[in-house]
Amino acid sequence: MRADRENKNKALSYMQNNGVFFTDLHEKDGAAYFTVLRKSVKDKTLLRYAEVIDIKGIIPDLKRSFRRPGLYIGAALLAGALILSDSIIWDVRFSPGGSENVERIEKVTAESGLVSGAFKSGVDKDHTENLVMLKCPDVSYVNINLSGGVATVVTDERLNFTKPKDTEKTDLCASEDGYIIRYETYAGRTVCEKGQTVKRGDVLISGTYDTFHHGTVTVKAKGRVYALVKRSFLCECDDTVTEKIYTGKQYVKRTLTLFSHQFGKDGGYDPERYEQSSDEQTVTVFNLVDLPLKVSTKTYREYDTVQRKISEDEAEKTLEQMYEKQYKDITEGAEIKSTDIKKYRKNGKYCLYCEVVIVCNIAK
Numbered sequence: 001m002r003a004d005r006e007n008k009n010k011a012l013s014y015m016q017n018n019g020v021f022f023t024d025l026h027e028k029d030g031a032a033y034f035t036v037l038r039k040s041v042k043d044k045t046l047l048r049y050a051e052v053i054d055i056k057g058i059i060p061d062l063k064r065s066f067r068r069p070g071l072y073i074g075a076a077l078l079a080g081a082l083i084l085s086d087s088i089i090w091d092v093r094f095s096p097g098g099s100e101n102v103e104r105i106e107k108v109t110a111e112s113g114l115v116s117g118a119f120k121s122g123v124d125k126d127h128t129e130n131l132v133m134l135k136c137p138d139v140s141y142v143n144i145n146l147s148g149g150v151a152t153v154v155t156d157e158r159l160n161f162t163k164p165k166d167t168e169k170t171d172l173c174a175s176e177d178g179y180i181i182r183y184e185t186y187a188g189r190t191v192c193e194k195g196q197t198v199k200r201g202d203v204l205i206s207g208t209y210d211t212f213h214h215g216t217v218t219v220k221a222k223g224r225v226y227a228l229v230k231r232s233f234l235c236e237c238d239d240t241v242t243e244k245i246y247t248g249k250q251y252v253k254r255t256l257t258l259f260s261h262q263f264g265k266d267g268g269y270d271p272e273r274y275e276q277s278s279d280e281q282t283v284t285v286f287n288l289v290d291l292p293l294k295v296s297t298k299t300y301r302e303y304d305t306v307q308r309k310i311s312e313d314e315a316e317k318t319l320e321q322m323y324e325k326q327y328k329d330i331t332e333g334a335e336i337k338s339t340d341i342k343k344y345r346k347n348g349k350y351c352l353y354c355e356v357v358i359v360c361n362i363a364k
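All the letters of the sequence shown, read from the start, carry residue numbers 1 to 364 under the numbering used here.
Don't read these hints as lab results, they were simulated from the structure. Be careful, since some hints might not be right.
What the hints assert, rightly or not - Straight-line alpha carbon distances no greater than 25 Å define the calculated SDA-like cross-link-like pairs of lysine to any residue that follow:
#1 K309 with K342
#2 K230 with Y183
#3 K265 with P292
#4 K199 with T211
#5 K309 with K294
What you are looking at is a predicted structure, and each value in this text was computed from that prediction instead of being measured.
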């Protein structure tokens, strides 16, 4: 309540003399503000000195809330969800016991009807478990637990589900052409020499060799062979670029998704003429309870395209960025001996050709 400058002393005296309980007394701009019980609001004498500026409580708060139409919908959905909570599967959770493929298990259970929003009466638990065992060879155990509105799929990995490994490689071969500078052999037999030119695929260190006492022995070859190799790459960028010019027109489409069911059509706009942006929000009640209802908003902005010639400076910057990345990739961890760069323009493109000579380990 609020009592103005002239009546604040009268209001306070009246409440003190007549046992009217009040709290939160404070002054602002000469007026007195205080809180009284609901029954005191009807005191006619008190109302001569003070005015009611706000009524707090559960019922008034509800009345104010229900003036918002959206809350009626939210409350109705919440009431319906609570009524159907024991008969509807609200959420499907997966609890793997190992490294089994959960994505595949989720797909199989969805095929059998075990999805969010499904009625429990429409889910055949035994059939779904058998289907998972049949279509998921990496699963040795499955159990579906339906508790409340949550379905939990518990699985365990089949330990003997392993793919046969390829025969282990024993030789080290050249990964690219090169001129051998030096080598280090830790296991196996070296079949290359310093100063030798080798081709990609040639054996450098063999894992098979003959011994005096044990005959032919096969081991996994280990070592490094450093060679002088030549690598090159080409960077290109077109001398024209396509740019978007927005017309200022845009369209908005909204769709509702209740559980896994979508209401409202999506699409219908040519992606070559419209740029699309999306946003999705979950509907909540009183900003506390999330409902299984999502609102998707897609905005389409219309644009036209134009072709524009780029300048040499723009082309130079683009090629420089491409060059730095590729140069780092092919020389990382190697000893660089020389670098040769050529720039030219050909067939409507700006080009940069790079040839680099490095020393690196080619034994793979």
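Does the structure break any of the earlier hints, and which numbers would those be? Numbers 4 and 5, in rising order.
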